[in-house]
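Those protein sequence lines, which keep their order, are chains A and B.
Under this note's numbering, the first residue of the first sequence carries the number 1, and numbering increases by one thereafter.
Under this note's numbering, the first residue of the second sequence carries the number 1, and numbering increases by one thereafter.
Check each hint, because a few of them may be wrong.
Unchecked claim - Below, a sample of chain B positions facing chain A; criterion: calculated Cβ distance under 10 Å:
no.: 1; residue: ASN12
no.: 2; residue: ASN31
no.: 3; residue: LYS80
no.: 4; residue: TYR185
no.: 5; residue: VAL188
Honestly, the hints are just simulated from the structure, not real lab data.
Since the model is a prediction, treat every value here as computed from it, not as a measurement.
Glycine residues also receive a C-beta, built at the ideal position from the N, C-alpha and C atoms.
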Amino acid sequence: MHLSWLIIFTIMLVIAVVAFSYALNKKIRILALSVKEERYDNPATRFKNFVVQVLGQKKMLNEPYGVVHFIIFWGFIFIVLGELPLIFEGLFPDYSFFFLGTNPYFYMIKDTMTALVVIGLFGGAYRRWVLKPVRLSRTPEAAIIVILVIGVIVTEWISSGAKVALEPDAAYSLAFMYHAFASMFSGYSTETLMAIRDSFWWIHMVILLGFLVYIPNSKHMHLLAVHPNVYFSSLKPIGAQITTMDLEDEELTELGVARIESFTWKQLLDSFACGECGRCMSNCPATLSGKPLNPKQLLSHELKDHLLEKGAMMNKYGLKSTGEDNEEELAKIAESNPEDYAILMKKLIGDVVAEDEIWACTTCMSCQVQCPVSNEHVNKIIDMRRSLVMMDSNFAPELQTTFRNVENNFNPWGVEYSERANWAAGLDVGLMSENSDVEYLYWVGCAGSFDARAQKVSISVAKILKAAGVKFAILGSEEKCCGDFIRRTGNEFMYQTMVAENVELLNGYKVKKIIAACPHCLNTLKNEYPDFGGNYEVIHHTQLIEELIKDGKLVLNTAGEYEPQRIVYHDSCYLGRYQQEYKAPRALFNMVPGVELVEMDRNHDKSFCCGAGGGRMWMEEHIGERINNMRVEQAFDKNAEVIGANCPFCITMLEDGVKDKTADSEKMVRVVDPAELIAKMI
Amino acid sequence: MNIVVCIKQTFNTEAKIVLDSNGKIEDKGVNLIINPYDEYAIEEGIKLKEKFGGSVTVVSMGGTTVQAAMRTSMAMGIDKGILISDPALENTDEHGRAVVLAKALSTIPYDIILSGRMAIDDCSSQLAIRLAEILNIPSVSSVIKLEIEGTQATITKEIDGGTKIVEVALPAVITTTKGLNEPRYPSVAGIMKSKKKELKIVTLAELGLSSEDLTPKMNVVKHSIPDARKAGQKIAGEPAQAAQELARLLREEAKIL
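For reference, chain B alone in the conformation it holds in the complex (with noise of 0.2 Å):
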């Protein structure tokens, strides 16, 4: 079986998100780490693998810095990468990665591909959707059960206040979330293999691909960063009375009531 798993690096989810002076969001000193919700897919690929053999192979996109996160997921037992790295990739948008990420795919075979069902940066939630429009294949999000008999899967995903069954032929693009499984910690023994593992660097022109094709059907217009907590207030007294204090402060100074 051919397993495809699209990961992103984001910010470390503690991490304090502070906006320079263009308004930019900053990264500098921030840890990255492998999405979480992408972490899930790694691990399915990797069961899946363990379970039918053939290979998983982990796509990813940005600068020198994503190949630790794939070189992580190589240690968790991936067994090889392609890191399309272009600093054209830094003026588009879901859409255009999605073009992007289509493109490096139609390069290799796959059965299935997998991927978070959202990042935790952005939590855009469209790439895996656009890149399975784009390859003309079905497509299901937010995955918690995955069962596959030859070329059938039958998927439990996640709905409001539910789960639903559904069935779908393979290839397709499945997002997943919580609960899918419990991702592996990388063993050492698997860290030292991973360094030997091949992990493929390509730009936009091998590809096949110019910054036009990337033009992004969405502009960010700002950010902004919600307002600090307040702290909280303790009222003092008797129980009638602190409530009747409550409800007017909720009132009057909170405007809820």
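For reference, chain A alone in the conformation it holds in the complex (with noise of 0.2 Å):
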């Protein structure tokens, strides 16, 4: 045993892991800042996602780059388990360690993880600083990090090779690394080679313990904090994220997020869980329409540099929030220590996130789809929004005309209200209010009964469903819009009115089954109206459509001319990434002959965004590149004659993007809903 080394080694651990401890317990402390949310149901389901996506990385594995990732990963767990013989036998030379210090197959599978992991480094180094993705940062805390895994797989393998050279051991017969070194060590003289073993073992446990200092201290934080963050990760499906306000609440007196403190635990571990790869980034229709919002920057550098700064400086003063309640306590502090003072009244909204910045999202939930570690982008947004609409009444003018249409005629447009079913004049479209007893409950959304354009999908909808025997009801001039815009611009409270009379008068019908047109209806009646007392299957008419015809309902006479057309598809956001619903659509199209149906470079969970999603279609577009037009100009690359779409949204937004991109109006692209071309067939 050397006594010498095992003071000092325990020096150096005990060193270590206080500083270690330090750096964690300040995040903690400043983590518990935050507001409470209730996290901790179903630990079975929880701790299935994380087998699934931290042990199986099954989101990192859906780029090609993922490999390194997984390969990096499950390196690092081969590399702890293999400081344990490392450690062990370097302090007490005459032991070997339990069952892996004396495991041949486990030096092997070892050397084979480090040796992986190294070139992965290497292969990751040469992406990064080399082919210079946009979204990976090229910091100086990327290059230490690879330095620091290097350094302390090279060392070992140094220092196990100078061993294996001084003494062969059967426990590494299959260490090739071990043997690699030892075999370059040749000739060495003994007591050259164990200078080389001691020098590299104690050169390997300095990097290693400053390694673990390292991590809490930087944005390898993402190394801890990914494990709870994917445990508790939310349950819900994508669409019934946001959370629903208790406006009853008398004590309530902020609505929303103004200060970083009111974010719960969970959204802000969201930040330390980042790993900065840049997935949310490179996928984020705002982001890449050149808005101000980036997703990557928001959470790993925005909100979580504010919240360390800020965080910090409260537990310096022992306070637990920055609101009204400390004024006296703030004063104080603005009196003695103005700079801390200036830390603690740093604004969430304005001087950390732009206003512009929370307005660009389109809630297309792509970057949450496509974030490894399952952070919560969006519903961040929605907070800060609500802060902005509710409390301080702070929006774009257009928006507040868009509230008010909905306020006094119940539909974004403004149009009067009693004019809602005048799109099926002639159609002999039945009205709930006449007669309730039937099948389905066609919400037909305000899309569908104002807009001109998609007035003719309704059309389309009511003639396929008659021609199927459907039995089906209308709402007419009852129906109110359904919310979804009001909710993700941040109006929760008057979110909360209209949904509170529409459950009414769907309970009072006693709806059950829900055909919608329109997928942000479906999404909220499916998925959000459960928290009001509205519980209802909801269907999208294409997914109807397609079991009618599956079921022999509805027989499409496919005789007669059809002339050859291609359409490329547009997955909207919230029948695709929302509701998981690719095929139907789909299937439709390929039911009509003569189509050849063709897929954008963006589809399925990676399609990108119209640009009207979470509020953006009753916005103006001021800053970068219209989000419809770069859709447009990706669908204009396939050399189609027809936009697929299954969205009224969708359809206005791409409509105008072709407007706007086509030069010949002799020529312009038509954007069309499989309904349309289903009703003419039959």
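Take the two lone chains, each set in its own frame, and fit them into one complex as the hints suggest.
Here's what the structure looks like:
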């Protein structure tokens, strides 16, 4: 036993563990300033998510470079395991560590994994610093970690290689990297080998313990935060993750989030878990169109940096919040320490996150769907919008007009509400108020009712339903805006008012099954109304039509002449990512004779938003490129005559984009819903 | 500064006007809003208070439904309200209402009285001016800019084809129009607070008036709905021929040439 080694190592270890704990504790105390959130239910499902996403690296592997991360992740586990015999046998050379220290297969696997990690790190470094993808940052932090990990691995190889060269050990018989280094040292004297073995053992330990301290002090906090973050990630469907506020709560003095400590611990943990891979930003329509919002930047820098700075300051003064309840305390700090006060008073909205950033989100959910650490970006943006709208009444003037329109006429267009069913004139569509004994309620939605273009889809859907003998009715002038865009623009108060009225009406008619032609209505009716006592089975018209055809209830007439046409398909966010319905609309297009259906480069769960979601439909797009125009250009790349869509807002946005991007009005690409083509075949 | 804002609750701008069997305007199922021109008055009142301090009182007339409009104005930032509610108000005209309003205002202090330049339902633009006459104070209509210094107001008002700047001593009645400001959208925090604000309801008797004081000076003879617009007509053919056909139609059918 090396007594002196043991003493020195123990001192080093204690220092490292204390430094590590100190840094970690500081972060935990900062997180503890946040608001409570219940995320402890369903441990089995949560554990399964952890196994799939962390151990199995499922989302990570959605992209080819994810393989490198997979190797590094599992390589790390073997490095950590390998430290046990390395440390033990270094300090107590006469003994072998239990099981691991004597198992040649363990060393074989470990050598394989560490060798792959080194190759992977070089590959990753090449990608980051030579290929320079926009989504990866080339920061010192990123370089330090690569050097540290390579240092940890290589010093261990050298030390253990020298050990093997000194005295062959059966345990290392399959450790090819150890042998490679040992053969490099052939011919060295025993003293030299012993010096190499010992000195690199110590260098290794210094790097290793340094690494330990570095983790909680850097962005590599990711390594620690990702595990709880995935375990506690939302179990709700992606379309049901916006929190329902209790507006009856008399205690409620602040609505939404205007201060960093008003986020919940899970919302803030997200920023620590972020590994800065940038998948969110490279799929974000706001980022890609040159808007100030960049989901990676928002979480990993703006929110995190501000949280650490302000949180540390709050803890310094023992403040639980910087709201009105602590006014006196804050006034004292302003007097005694203006610099600290300035940090405490930094505005989340304005100083940290710009208003334009908050309004740029289309709630397309691509960031969340791509995020390998299960971060929830959109909720934070909605919470900040809630503060802007409900506390400060601060939002785009055109949005104010839209809110007013809904208040006065229950639709964002502001058309007189009693004209809601005018589109159905002459179609013999029944009203629920006349006969509610039907199988389905057809929820037409504001677009389908009032927008001239979307009315054509409504007419097609109604004709198809009648042809298939479906018993359905509409609400007519009783239907009111579903509230989707109202909630997503932060006006929770008005959203809940609309929902309460709609739920009362729907439950009054004992509605059980709903057909929605608008994926936005579909999502809120299906995923958000249950919080308000509205429980319905909601289906998109393309899903129902596909079912009707499959069941033989709707027979298509395929006789006659059909022009061949090439259709490029656009997945709407709210039917695609939100409902994971990719097949039904495609299936319907493929049923039309002569149709050749092609995919855009960004399709299925990587589909690119049309730019209308999250209330953006009702707001001017002042900054950057127009998102709809970008999507239309992506469609034009496929040389199709028609763009296929399934959402009234997508249709509007894409048609606008087509008009904007087509010089020759004779050669205008058409945008169609599959129901429009199917309706011609009945 | 004591600021008074007079508002009216009207039909929503998109409302479809229907007459009942008696030829009266049907109000069933119609959504009611604050007269849009009055919103500028509310906003300006709140702005004046924010600048000079004091309080803003909203005054209106009508039944219980009007309270919703008044609460909305309070959610925007108005401090308190007076609602004159009496069945007798049904059977009067602008003259009668001005008498009532003047009487109600005589019970409270005012430095400035703001109201929309007209109500979008009857478009008569009389009440505010009549009110100023009865109170014997100046009035300026269709104001798009208002600056106050001490008891003097410098006002830019819209006139046909241009603007005019006038100076007036307070108290005065000011009618507001589009361009003066952008009315705010009430915040939820404001809505919550508005529920606790004072809204006093008074009757004509409480104001010391009787229905005789309200005897109308004018009678509505008849309401009528404009004829529905006929569908447009597309003239096909070569430009030259189409133009000839258009000229023929304008002369023979429309009879305007």
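Structure-based check of all given hints:
no.: 1; hint: ASN12; in the structure: holds (4 Å)
no.: 2; hint: ASN31; in the structure: holds (5 Å)
no.: 3; hint: LYS80; in the structure: violated (21 Å)
no.: 4; hint: TYR185; in the structure: holds (5 Å)
no.: 5; hint: VAL188; in the structure: holds (4 Å)
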